[in-house]
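Residue strings, one per chain:
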Amino acid sequence: MATHQISVTVNGEAHAAEVESRTLLVHLIRDDLRLTGTHIGCDTTHCGACTVLLDGKPTKSCTVLAVQANGTEIATVEGLAGADGMHALQEGFWEKHGLQCGFCTPGMLMTGAALLEENPNPSEAEIREAISGNLCRCTGYVNIVKAVQYAAEKMGAAAETANAATDGEDS
Amino acid sequence: MAPKTSADICGMGHSMKRKEDPRFLQGKGNYIDDIVLPGMLWLDIVRSPIAYGKIKGIDSSKALEVPGVLAVLTGKDLEAYNLHWMPTLMSDTQMVLPTDTVMYQAQEVAAVIATSRYAAADGVAAVEVDYEPMKPVIDPFKALEEDAPVLRTDKEGQTDNRIWHWEAGDKEATDKVFEEADVVVRESMHVPRIHVASIETCGCVADFNPVEGHLTVYMTTQAPHAIRTVLALVAGHVGLSEEKIRVVSPDIGGGFGGKVPVYPGYVVAIAASVVLGKPVKWIEDRMENLQADSFARDYHMDAELAADADGKIRGLRIKTLADHGYSDAQAAPSKFPAGLFSICTGSYDMEQAYAEVDAVYTNKPPGGVAYRCSFRVTEAVHCMERVVDTLAHKVGKDPAQLREENFIPKEAFPYQSPLGWEYDSGDYQAAMDKAREMIGYDDLRREQAEKRARGELMGIGVCSFTEVLGAGPSKDFDILGIKMFDSAEVRVHPTGKAIARFGTKSQGQGHETTYAQIIAEELGLPAAHVQVEEGDTDTAPYGLGTYASRSTPTAGAAGAMAARQIRAKAAKIAAHLMEVSEEDLDWEPGKFSVKGAPDRSVTIQDCAFAAYTNLPEGLEPGLEATNYYDPPNLTFPFGTYICVVDIDRGTGEVTVRRFVAVDDCGNIINPMIVQGQIHGGLTQGIGPALFEEIPYDEDGNNLAGSFMDYLVPTSMETPAWETGHTITPSPHHPLGAKGVGESATVGAPPAIANAVVDALAHLGVTHLDIPITPDKVWEVLNEKGVAE
Amino acid sequence: MRIEEGFTIDAPAAEVWAILSDPRQLSELLPGAEITERIDDTTWEGGMTVKVGPLVAAYTGTVSFMLNEEERSAVVRALGQGKAGMGTAEMTMNSRVAALPDGGCEVTMDSDVTVTGILAQLGRGMTQVVSRRMLQEFVKRLTSALENEAKEAEP
Amino acid sequence: MIPPQFDYHAPGGLDEALGLLGELDDAKVMSGGQSLLPMMKLRLASPANIIDIGRIPGLDTIEERDGCLRIGALVTEAQLEESAAVAERYPILLDTARVIADPLVRNRATVCGNIAHGDPANDHPATMLALRAHVIATGPGGERTIDIDDFFHGLFMTALGEDEILTELHIPVPPAGSGGAYVKLERKVGDYAVAGVAVQLTLDDDGKVTRAGVGLTNLGFAPIRATAAEETLLGADFVPAGGLRGAIEKIRDAITKAPGADEVIAAAAQAAADMAEPVEDRRGSVEYKRNMARVLTARAIRQALARAGAGG
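As given, the protein sequences belong to chains H, U, S and C, one line each in that order. With the first letter of the first sequence counted as 1, position 59 gets the number 59 in the numbering used here; the numbers rise by one all the way through. With the first letter of the second sequence counted as 1, position 519 gets the number 519 in the numbering used here; the numbers rise by one all the way through. With the first letter of the third sequence counted as 1, position 74 gets the number 74 in the numbering used here; the numbers rise by one all the way through. With the first letter of the fourth sequence counted as 1, position 157 gets the number 157 in the numbering used here; the numbers rise by one all the way through.
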């Protein structure tokens, strides 16, 4: 049985691990690194509960080999918030009741984070499209869309303030 | 309705942000697969690929050679402990592992225990089972034919495949109404087998301590206390008595009814832990979950309505065949084999009704779990709401108008239904009015007429449902004899903070928040200061669990009652502190004051502190109460849903353009959470209406065994739900509240089906079975000559 | 599932029947099939491996032949157990070789196939696809076997 | 679901990959892994060796050069969606990429893998058939070019040799006046097509069809090129007198308003349907799917025409 020595950066922290060829990335994250916020829901790339960011791109970690992730930057829900505790998206999900059982939530958050990174002001249709690979069985999606919109607004406002501050310095 | 409490207290009526959310949002939830115990082993299950057949042999030798595999358990191994069979919650029996025959595809055949997840999976692949397949009985109608093979040969005295026959109502009187009626309409329909498909599958970690003989089972269960009792009954003879069993239900990633029963996997994992003396974890994968457990519905119904020429409903007659699969493993109250199906007369007043159900065994996995539904209410409502539309079309009346003309009038409550229910309260016209207004019903009908003239297909569907939930009053409701009360235990600490424990178990409903709000409402303690706990049988008071929208009607009521007991004691303390008599006290949330001297007051926190420090003579210290609430009646929430669909004449695709849901669940504890429950329920309504089904081929193969074919709606198929509400309090619930979690799942499918049929009604179409898939619609369009 | 297939072949019925009624020859022509041991007069042990791109399904089991020499017809029953939980495959095939006026013959093969487990479940007509491809390959091999025989028979 | 054991190899160059492919028994090439890994997790496939070409540099580019759009073996569907060249000149490719699985899967799934897998339910094959693409296969003896028409042999079966890797897809740059569309009917997002139709057309200045490509998804044991539909479309006149240039103002209305245009579209759609060989499954009956071939072909033709006009 072949094993491989790999190194990954997860939420900014470097990790080395020895994995089997077949070890799935989601099991490396959950079982080896004990970051259990990333969940397994379907095994066939349909539900997105296992979504993490792999070099910034939302990816279903149940259908990636751990060894394929060698040398990559991985972001999981545990690293979403900065030192201040809650990312604007997490706040949005809380404010807008974008979660119920919470099982799909980490995957939704990671997908949402990647969307806002790429498209800071998405329309409802764009949000719906972006999360269409993440199944939620509890919320009916309406509040998830609102949660992402909340975060977009908040992050936009924050960016504006930052810009205004910068402008101020410039003038 | 304005909340009575301030935002600081956050009692009923406040859209308080959920207390449980931060841990879920930060990836710190504690779901079953997150639990790791020292020395833990993994269990994986060998499942039958065939639906019916003999096991000629199980060869474990190659599996035992797989590195990391420690043991393979079979039915024969369990037989030695008499653990190869277990009772179901409906007093039927079910194999844990088979000794000679498999009865459905994906049935558990053997279990492999190994040191890792991966080794266990390899072990499963290496177990060789020699099957002698037999021709399965898949069609429930054929199962009742005389020459059908008897499937349950293990049951003494069982000479056919009928499980039970059940009926409600006066058959003769109903037949007479039908004979006299001007109009009779009839529809045959099938509400197919579906699956709850919670995003988290089932699983457990069984941890038997051989030194103390103590078993802890962490499991995805909606009913931890009942499960503990069942385990004690199943395994008492091998020394597991109830005081030595602790069931812990951690965070649950969706339940919807699928996590009520005891599945063989749980029992095998426990047996494995007992045998090996180590913790054993079993987690289903998605295919196992979709193939072996958590199935709902599967009712074949023939419904007839008798009416006057103008559409006044006089009677209802329903004949039903219920396909339960291999075993009657429903989680229904024991006196209600067909659940609460007799709510089928719905929101309409009529003279007579008669319903009968025959249940039958087939070679499918046990069915009958309630998929977000209070025991067969979904089937009953679907049946009634569909056939009401047929009647409307038959007598040429608008379906909304025909409903209005037949509603039980609001003055008639409490209303005695012809099938024996006493509806607590209702105002159906108000919900209808609001829904019509929100959606602009009359304009839509005009638009439809214009489109119809142009050959476009648009439909408007109406559903006015009545739910029945909150099981239930102990005189009628029990599971395995255990009365269906529920419980709360509230303890106020000296500094005025509280812990409240309940016999239910949240799976996303937000109990940690809503229960805290109930306590806040009654005691005036800020909800933020009330810690809610559920799911640990060692600490929580005994209750029957969370399903069938029963938490608010039962445990929620228990919480209110316990808080009131505490308030009563606090009043004595307040009187003592202010040196007045109890009769001289006024209460407002959080504060006792002296009548006529509102400045003289003590807070509930003051009383709490005094309960431990400064008590009136003769009063027992402490400030806590436990309440076991036995509801006097069920609650009957209701609503009117209206939806608009457009049909693609080329492909048969149905698009839900708009969907308005007006619900009435009595007084509302947390409006945000109630709306969230409705949104989720609606989505689990559009699923079965348009997408979800577990079909079997004639060989018993499950054809929707993964999310590739079990079509859970995504954000793209789900419309932007529009919700509204009316409030008609329950007269008997302490808070005037009713349940709500399942209303939308019950009401949405017929609204959508009615809309599709409405779009095609002018072509002579009266019915389409759910799920209404594009190919089904196209076949109709093609037959009627209107396909593109 | 019923699968009805038929083909004509430019060879005498007797020759074709001789091949189709001989389990060993038959198994050589069927892609992935193998006969390992004779159990009794009519029953054989064997295996079958179906390969479709990356997909591999291997079965072991028994096959029995009931021959009617006069009518040149056979009833073949096979039961295979899949490896690694792949499920079972059962087949009852009625085959018949009928001479045609032009000296060739027509072969009909009507099968009742029951496939259980994941292959049947994943649907997408997999069973039909596989059985049709196997038949095509079978006819190809049969034709070339008959041609070879004919060549060998030539002086 | 856990895949069976295998050995993983991550060659750093194409030669090394080809060497491994020649050396190792029972080896499968993996790029995005979004089809192969699920099959392995279901234990439907259990190759002894996986050769991950994901780390080979230079295979992840998408560029127009020498009259061709060249899509490298590691180009993901998401990359295709983001490509300006694709959006501008190959809208049919954008149509196709956007309906494959879901956005997350598309971050890893590759276009070439979608072709190499040989699954008739995959979406790119029909589009590549309509676009007359060429498959570049690299083996121990170097590169060879396979006409897309010769590539698909049946379910999961292609012309790719066991020692070859699909390294590139070449799509001829469409001439002026071209337009294409891919229309897919799916039960929900993420589903395989009930049916899918790709249509690529080129119109001359007079509005006559000079080139036509029609491909069908999941309507047979292999992806189908609906040649009969193409023949029906060739030479058909979709723009009224005055020619395309004259009609440019209201091009969308003008197109298909030529006398007989509806009839030609209907005939081409029927011809495509007649070539379909669907099997009945949970997505519908043979009759339904055949009719969907017809309906979707007509829709794809109309959209292709509109785009051809807009582009011309």
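Because the hints were derived from the structure by calculation, they are not lab data. Warning: the hint list may mix true and false statements.
Below, a list of computed lysine-lysine pairs in the DSSO-like style, where the Cα atoms sit at most 30 Å apart [to be verified]:
{"#": "1", "chain 1": "H", "residue 1": "146", "chain 2": "U", "residue 2": "4"}
{"#": "2", "chain 1": "U", "residue 1": "784", "chain 2": "U", "residue 2": "397"}
{"#": "3", "chain 1": "H", "residue 1": "154", "chain 2": "U", "residue 2": "19"}
{"#": "4", "chain 1": "U", "residue 1": "434", "chain 2": "U", "residue 2": "171"}
{"#": "5", "chain 1": "S", "residue 1": "140", "chain 2": "U", "residue 2": "54"}
{"#": "6", "chain 1": "U", "residue 1": "784", "chain 2": "U", "residue 2": "17"}
{"#": "7", "chain 1": "U", "residue 1": "483", "chain 2": "U", "residue 2": "569"}
{"#": "8", "chain 1": "U", "residue 1": "56", "chain 2": "H", "residue 2": "154"}
{"#": "9", "chain 1": "S", "residue 1": "140", "chain 2": "U", "residue 2": "62"}
{"#": "10", "chain 1": "U", "residue 1": "54", "chain 2": "H", "residue 2": "146"}
{"#": "11", "chain 1": "U", "residue 1": "319", "chain 2": "U", "residue 2": "776"}
{"#": "12", "chain 1": "U", "residue 1": "76", "chain 2": "U", "residue 2": "171"}
{"#": "13", "chain 1": "C", "residue 1": "188", "chain 2": "H", "residue 2": "146"}
{"#": "14", "chain 1": "H", "residue 1": "146", "chain 2": "U", "residue 2": "475"}
{"#": "15", "chain 1": "S", "residue 1": "83", "chain 2": "U", "residue 2": "56"}
{"#": "16", "chain 1": "U", "residue 1": "410", "chain 2": "U", "residue 2": "176"}
{"#": "17", "chain 1": "U", "residue 1": "335", "chain 2": "U", "residue 2": "171"}
{"#": "18", "chain 1": "H", "residue 1": "146", "chain 2": "U", "residue 2": "319"}
{"#": "19", "chain 1": "U", "residue 1": "434", "chain 2": "U", "residue 2": "451"}
{"#": "20", "chain 1": "H", "residue 1": "154", "chain 2": "U", "residue 2": "17"}
{"#": "21", "chain 1": "C", "residue 1": "208", "chain 2": "U", "residue 2": "776"}
{"#": "22", "chain 1": "U", "residue 1": "54", "chain 2": "S", "residue 2": "83"}
{"#": "23", "chain 1": "H", "residue 1": "57", "chain 2": "U", "residue 2": "135"}
{"#": "24", "chain 1": "U", "residue 1": "62", "chain 2": "S", "residue 2": "151"}
{"#": "25", "chain 1": "U", "residue 1": "410", "chain 2": "U", "residue 2": "17"}
{"#": "26", "chain 1": "U", "residue 1": "62", "chain 2": "U", "residue 2": "76"}
{"#": "27", "chain 1": "U", "residue 1": "451", "chain 2": "C", "residue 2": "188"}
{"#": "28", "chain 1": "C", "residue 1": "188", "chain 2": "H", "residue 2": "57"}
{"#": "29", "chain 1": "H", "residue 1": "146", "chain 2": "U", "residue 2": "176"}
{"#": "30", "chain 1": "S", "residue 1": "51", "chain 2": "U", "residue 2": "135"}
{"#": "31", "chain 1": "U", "residue 1": "135", "chain 2": "S", "residue 2": "83"}
{"#": "32", "chain 1": "U", "residue 1": "784", "chain 2": "C", "residue 2": "188"}
{"#": "33", "chain 1": "S", "residue 1": "140", "chain 2": "U", "residue 2": "56"}
{"#": "34", "chain 1": "U", "residue 1": "76", "chain 2": "S", "residue 2": "51"}
Predicted model, so just to flag it, every value in this text is computed and none were measured.
Hint by hint, here is what the structure shows:
1. Restraint check for residue 146 (chain H) and residue 4 (chain U): the C-alpha separation of about 28 Å stays at or below 30 Å, so the hint holds.
2. Distance hint between residue 784 (chain U) and residue 397 (chain U) is fulfilled; the C-alpha atoms sit about 23 Å from each other, no more than 30 Å.
3. Only pairs whose Cα atoms come within 30 Å are accepted, and residue 154 (chain H) paired with residue 19 (chain U) is accepted, the gap being roughly 22 Å.
4. Taking the CA atoms of residue 434 (chain U) and residue 171 (chain U), the gap is about 37 Å. The hint is violated against a cut of 30 Å.
5. Among the hinted pairs, residue 140 (chain S) with residue 54 (chain U) is inconsistent with the structure: their alpha-carbon atoms are about 38 Å apart, more than 30 Å.
6. Pair hint residue 784 (chain U) plus residue 17 (chain U) does not hold up; C-alpha atoms about 52 Å apart against a cutoff of 30 Å.
7. Using a Cα cut-off of 30 Å, the hinted pair residue 483 (chain U) and residue 569 (chain U) holds, with the two alpha carbons roughly 29 Å apart.
8. Taking the CA atoms of residue 56 (chain U) and residue 154 (chain H), the gap is near 65 Å; set against the 30 Å cutoff, the hint is violated.
9. Between residue 140 (chain S) and residue 62 (chain U), the direct Cα distance comes to roughly 38 Å. Violation of the 30 Å bound is thereby established for this hinted pair.
10. A distance of roughly 54 Å separates the Cα atoms of residue 54 (chain U) and residue 146 (chain H); the hinted pair therefore is violated under the 30 Å criterion.
11. Our distance criterion of 30 Å between C-alpha atoms is met by residue 319 (chain U) and residue 776 (chain U), whose separation comes to about 25 Å.
12. Proximity of residue 76 (chain U) to residue 171 (chain U) is assessed by CA-CA distance (about 48 Å); at most 30 Å being required, the pair is judged violated.
13. Restraint check for residue 188 (chain C) and residue 146 (chain H): the C-alpha separation of about 22 Å stays at or below 30 Å, so the hint holds.
14. Only pairs whose Cα atoms come within 30 Å are accepted, and residue 146 (chain H) paired with residue 475 (chain U) is rejected, the gap being roughly 45 Å.
15. Taking the CA atoms of residue 83 (chain S) and residue 56 (chain U), the gap is near 16 Å; set against the 30 Å cutoff, the hint holds.
16. For the suggested pair residue 410 (chain U) and residue 176 (chain U), the alpha carbons sit about 28 Å apart, so the restraint of at most 30 Å is met.
17. A distance of roughly 20 Å separates the Cα atoms of residue 335 (chain U) and residue 171 (chain U); the hinted pair therefore holds under the 30 Å criterion.
18. Annotation: proposed proximity of residue 146 (chain H) to residue 319 (chain U) is violated, straight-line Cα distance about 45 Å (limit 30 Å).
19. A C-alpha spacing of about 25 Å is found between residue 434 (chain U) and residue 451 (chain U), which places the hinted pair at or below 30 Å, so the restraint holds.
20. Under the criterion of a C-alpha separation no larger than 30 Å, the hint pairing residue 154 (chain H) with residue 17 (chain U) is consistent with the structure, at around 18 Å.
21. Distance restraint check for residue 208 (chain C) and residue 776 (chain U): the Cα-Cα separation of roughly 38 Å exceeds the 30 Å cut-off, and the hinted pair is therefore not satisfied.
22. For the given pair, residue 54 (chain U) sits about 18 Å from residue 83 (chain S) by alpha-carbon distance, which is consistent with the 30 Å threshold.
23. Among the hinted pairs, residue 57 (chain H) with residue 135 (chain U) is inconsistent with the structure: their alpha-carbon atoms are about 49 Å apart, more than 30 Å.
24. Distance restraint check for residue 62 (chain U) and residue 151 (chain S): the Cα-Cα separation of roughly 48 Å exceeds the 30 Å cut-off, and the hinted pair is therefore not satisfied.
25. As the CA atoms of residue 410 (chain U) and residue 17 (chain U) are separated by approximately 34 Å, the hinted pair breaks the 30 Å bound.
26. Restraint check for residue 62 (chain U) and residue 76 (chain U): satisfied, since their Cα atoms lie roughly 18 Å apart, inside the 30 Å limit.
27. For the proposed pair residue 451 (chain U) and residue 188 (chain C), the alpha carbon gap of about 26 Å is at most 30 Å, so the pair holds.
28. For the proposed pair residue 188 (chain C) and residue 57 (chain H), the alpha carbon gap of about 23 Å is at most 30 Å, so the pair holds.
29. Distance restraint check for residue 146 (chain H) and residue 176 (chain U): the Cα-Cα separation of roughly 55 Å exceeds the 30 Å cut-off, and the hinted pair is therefore not satisfied.
30. The suggested pairing of residue 51 (chain S) with residue 135 (chain U) holds, with an alpha-carbon distance near 27 Å, which does not exceed 30 Å.
31. A C-alpha spacing of about 21 Å is found between residue 135 (chain U) and residue 83 (chain S), which places the hinted pair at or below 30 Å, so the restraint holds.
32. At roughly 26 Å between alpha-carbon atoms, residue 784 (chain U) and residue 188 (chain C) fall within 30 Å of each other, so this suggested pair holds.
33. A C-alpha spacing of about 38 Å is found between residue 140 (chain S) and residue 56 (chain U), which places the hinted pair above 30 Å, so the restraint is violated.
34. Between the alpha carbons of residue 76 (chain U) and residue 51 (chain S) the distance comes to roughly 36 Å, so the proposed pair goes past 30 Å and is violated.
Of the numbered hints listed earlier, those contradicted by the structure are 4, 5, 6, 8, 9, 10, 12, 14, 18, 21, 23, 24, 25, 29, 33 and 34.
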